[in-house]
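**Q** Next come the chains, spelled out residue by residue.
2 protein chains.
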Amino acid sequence: MKNVYLIGVGLIGGSMLLDLRAHYPEAVFYGIDHNDDHLDQAISCGVVDHKATMEDLINADLVIVSIPVDATVNLLSQVLDNINDDSLVMDVGSTKEAICASVANHKNRRQYLATHPIAGTEFSGPQAAIKDLYKGKTMIVCEVEKTAFAQQELGKGLLEKLGMRVRYMTPAAHDKHIAYVSHLSHISSFMLGKTVIQEEANERDIFDLAGSGFESTVRLAKSSPAMWTPIFAQNKEHVIAGLDGYIDNLVSFRESLKNDNHTAIYNEMAQTNRIKTILKGIQNGK
Amino acid sequence: MKNVYLIGVGLIGGSMLLDLRAHYPEAVFYGIDHNDDHLDQAISCGVVDHKATMEDLINADLVIVSIPVDATVNLLSQVLDNINDDSLVMDVGSTKEAICASVANHKNRRQYLATHPIAGTEFSGPQAAIKDLYKGKTMIVCEVEKTAFAQQELGKGLLEKLGMRVRYMTPAAHDKHIAYVSHLSHISSFMLGKTVIQEEANERDIFDLAGSGFESTVRLAKSSPAMWTPIFAQNKEHVIAGLDGYIDNLVSFRESLKNDNHTAIYNEMAQTNRIKTILKGIQNGK
Numbered sequence: 001m002k003n004v005y006l007i008g009v010g011l012i013g014g015s016m017l018l019d020l021r022a023h024y025p026e027a028v029f030y031g032i033d034h035n036d037d038h039l040d041q042a043i044s045c046g047v048v049d050h051k052a053t054m055e056d057l058i059n060a061d062l063v064i065v066s067i068p069v070d071a072t073v074n075l076l077s078q079v080l081d082n083i084n085d086d087s088l089v090m091d092v093g094s095t096k097e098a099i100c101a102s103v104a105n106h107k108n109r110r111q112y113l114a115t116h117p118i119a120g121t122e123f124s125g126p127q128a129a130i131k132d133l134y135k136g137k138t139m140i141v142c143e144v145e146k147t148a149f150a151q152q153e154l155g156k157g158l159l160e161k162l163g164m165r166v167r168y169m170t171p172a173a174h175d176k177h178i179a180y181v182s183h184l185s186h187i188s189s190f191m192l193g194k195t196v197i198q199e200e201a202n203e204r205d206i207f208d209l210a211g212s213g214f215e216s217t218v219r220l221a222k223s224s225p226a227m228w229t230p231i232f233a234q235n236k237e238h239v240i241a242g243l244d245g246y247i248d249n250l251v252s253f254r255e256s257l258k259n260d261n262h263t264a265i266y267n268e269m270a271q272t273n274r275i276k277t278i279l280k281g282i283q284n285g286k
Numbered sequence: 001m002k003n004v005y006l007i008g009v010g011l012i013g014g015s016m017l018l019d020l021r022a023h024y025p026e027a028v029f030y031g032i033d034h035n036d037d038h039l040d041q042a043i044s045c046g047v048v049d050h051k052a053t054m055e056d057l058i059n060a061d062l063v064i065v066s067i068p069v070d071a072t073v074n075l076l077s078q079v080l081d082n083i084n085d086d087s088l089v090m091d092v093g094s095t096k097e098a099i100c101a102s103v104a105n106h107k108n109r110r111q112y113l114a115t116h117p118i119a120g121t122e123f124s125g126p127q128a129a130i131k132d133l134y135k136g137k138t139m140i141v142c143e144v145e146k147t148a149f150a151q152q153e154l155g156k157g158l159l160e161k162l163g164m165r166v167r168y169m170t171p172a173a174h175d176k177h178i179a180y181v182s183h184l185s186h187i188s189s190f191m192l193g194k195t196v197i198q199e200e201a202n203e204r205d206i207f208d209l210a211g212s213g214f215e216s217t218v219r220l221a222k223s224s225p226a227m228w229t230p231i232f233a234q235n236k237e238h239v240i241a242g243l244d245g246y247i248d249n250l251v252s253f254r255e256s257l258k259n260d261n262h263t264a265i266y267n268e269m270a271q272t273n274r275i276k277t278i279l280k281g282i283q284n285g286k
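Just so you know, the sequences run in chain order A and B.
Going by the UniProt record's numbering, the first residue of the first sequence is number 1, and it counts up by one from there.
Going by the UniProt record's numbering, the first residue of the second sequence is number 1, and it counts up by one from there.
In short, the hints are calculated from the structure, not lab data.
Note that the structure is a prediction, hence the values are computed from the model and not measured.
Please note: incorrect hints may appear among the correct ones.
Identical copies carry no separate label here, and so any pair may be met within one copy or between two of them.
As the list claims (entries may be wrong) - Keeping only pairs whose Cα atoms sit at most 27 Å apart, straight-line, the calculated DSS-like set for lysine-lysine is:
#1 Lys137 / Lys276
#2 Lys161 / Lys137
#3 Lys107 / Lys161
#4 Lys146 / Lys131
#5 Lys236 / Lys51
#6 Lys107 / Lys2
#7 Lys51 / Lys280
#8 Lys131 / Lys280
#9 Lys137 / Lys156
#10 Lys258 / Lys236
#11 Lys137 / Lys236
#12 Lys2 / Lys176
#13 Lys258 / Lys2
#14 Lys161 / Lys280
#15 Lys276 / Lys107
#16 Lys176 / Lys146
#17 Lys161 / Lys258
#18 Lys135 / Lys236
#19 Lys146 / Lys156
#20 Lys176 / Lys258
#21 Lys137 / Lys107
#22 Lys258 / Lys156
#23 Lys280 / Lys107
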């Protein structure tokens, strides 16, 4: 692999390049971003070597599209227009249905691999990129059957080098499941942070009274609105279904508490304690 | 200090003793617990030296009551009945109004110091006790003016040795604020875990798709129902008020999403990002 292009030099794509550079010492890594400061930071962080433009993609062996999912829907066709016959184009968006649909009929569809790495932090930008972010993590790959064998092989090779486990899903199944396991977590965290900030006019009280438990539950409320607004918008139907289930559970917990039904409260928590065993796998990096 | 008694040999009191033992090498540490297995574990973990009974409290220089808050309300008067004139009795419960009220008119009220350490983990039991849990953390002290000067001094000395910051509050203010900053976090986490488990009949999907973000937001759902049910029950009024605010915010977020009001969604998240600066203090151990 000689020429790698990263479109969107942020945490997700940047962390990927930090690892790939070690495996492809001979390759040159290029960054494309509408934010020139981020490009300069990406170069100074060693994420990419040079700035590039969409026209340069004709030289790409690999293009990683790592931008907000609404921008991906708008740009992905143009990326496939600009590549050569041997290129592999991957996106890493947190939604898959709309993105896969946007190139479903593109003449170069077979050079595209739809992926979503289950990894990241609440931070963003090239300076937030870290090595080994993907080691032991899951990469969801959608519609693999629509990608040409050569590009599949190249993509699988990259994921192996990143140390990732591959889970194949349909875009529809991905968006439905991820709404519950990821998108809902972000909304619960943002709304918890909002509720506490609303109540605690004096932030000193939050500062003094909040412990590691609060820090853990609101950590995702530090996430980038520019990245998450289009994710929620694209996955609207499943996110609303998840929110409905969550709100129903909160309302019924509130009713049990209001009616002093302490047995019900106890049992709900006891049953949910099962999450311990489920999370073990996650904590062990799966 | 010669004789220290811990009633309830779990994570909170046990971690306190692990640190205090280093500062009072000459003292003997006794455990009182209705769970004899926990007492044996506490001895083998080095949390306490010997088992004891309520009758032994007459020999106590310090008694730390670290049991579920409903049990504290029932037991605290009896503890104050059994001590000598120089003893200090501290509780570490996550609620303060009901506990303080339970001994408001006790003849030995001045020997009691009402405290709540803002520290802990999602685990419980003596084997979960860890050293330095309290270093740099906040200790809420309520109604300090009702505690005799000698016992105040002893208590403050202990907190200094644990490396804690002291924040003085009324029981009413404590219960109101902590409902938002702690109790609400636990409910949001438990209900998020419940919602995802309900939806994901196949736990393999949670295991594969859940990342560190989900792990962080549901971490508190591992907490002990036996400890948290009475906390929610005793702080019912404030917890319900907090839940109402939280549910309202979730419903309005859902409405904005349903109506494709992406500007509203973006702005809500952007405003809540302020939590970053508030949390900095928490992450730095305050």
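**Q** Taking 27 Å as the upper bound on the Cα-Cα distance, should lysine 137 and lysine 107 be classified as within, between, both, or neither?
**A** Answer is neither: 32 Å inside a copy and 60 Å across each miss the 27 Å cutoff.
**Q** If the cutoff is 27 Å on CA atoms, where do lysine 258 and lysine 236 land: within, between, both or neither? Let me know, please.
**A** between (32 Å within a copy, 7 Å between copies)
**Q** Which holds for lysine 236 with lysine 51 at a C-alpha limit of 27 Å: within a copy, between copies, both or neither?
**A** neither (35 Å within a copy, 58 Å between copies)
**Q** Between copies, within a copy, both or neither: which fits lysine 107 and lysine 2 at Cα up to 27 Å?
**A** within (24 Å within a copy, 83 Å between copies)
**Q** Evaluate lysine 176 and lysine 146 at a C-alpha cut-off of 27 Å and name the case that applies: within, between, both or neither.
**A** So lysine 176 and lysine 146 pass the 27 Å test inside one copy only (21 Å; across, 56 Å).
**Q** At most 27 Å between CA atoms: does that hold for lysine 280 and lysine 107 within a copy, between copies, both, or neither?
**A** This pair counts as neither: shortest intra-copy Cα distance 44 Å, inter-copy 49 Å.
**Q** One pair to classify: lysine 176 and lysine 258, alpha carbons no more than 27 Å apart. Within, between, both, or neither?
**A** Answer is between; shortest inter-copy Cα gap is 17 Å, intra-copy 33 Å.
**Q** When Cα atoms must be at most 27 Å apart, do lysine 51 and lysine 280 count as within-copy, between-copy, both, or neither?
**A** neither (42 Å within a copy, 34 Å between copies)
**Q** Should lysine 258 paired with lysine 2 be assigned to within, between, both, or neither, using CA atoms and 27 Å as the limit?
**A** So lysine 258 and lysine 2 fail the 27 Å test inside a copy (65 Å) and across (46 Å) alike.
**Q** Give the relationship of lysine 146 and lysine 131 under a CA distance limit of 27 Å: within one copy only, between copies only, both, or neither.
**A** Answer is neither: 30 Å inside a copy and 55 Å across each miss the 27 Å cutoff.
**Q** Between the shortest in-copy and the shortest cross-copy C-alpha distance, which are at most 27 Å for lysine 137 and lysine 156: within, between, both, or neither?
**A** Classified as within: same-chain Cα gap 14 Å, cross-chain 47 Å, threshold 27 Å.
**Q** Within a copy, between copies, both or neither: which one fits lysine 276 and lysine 107 at a CA-CA cutoff of 27 Å?
**A** Classified as neither: same-chain Cα gap 47 Å, cross-chain 45 Å, threshold 27 Å.
Of the numbered hints listed earlier, those contradicted by the structure are 3, 4, 5, 7, 12, 13, 15, 17, 18, 21, 22, 23.
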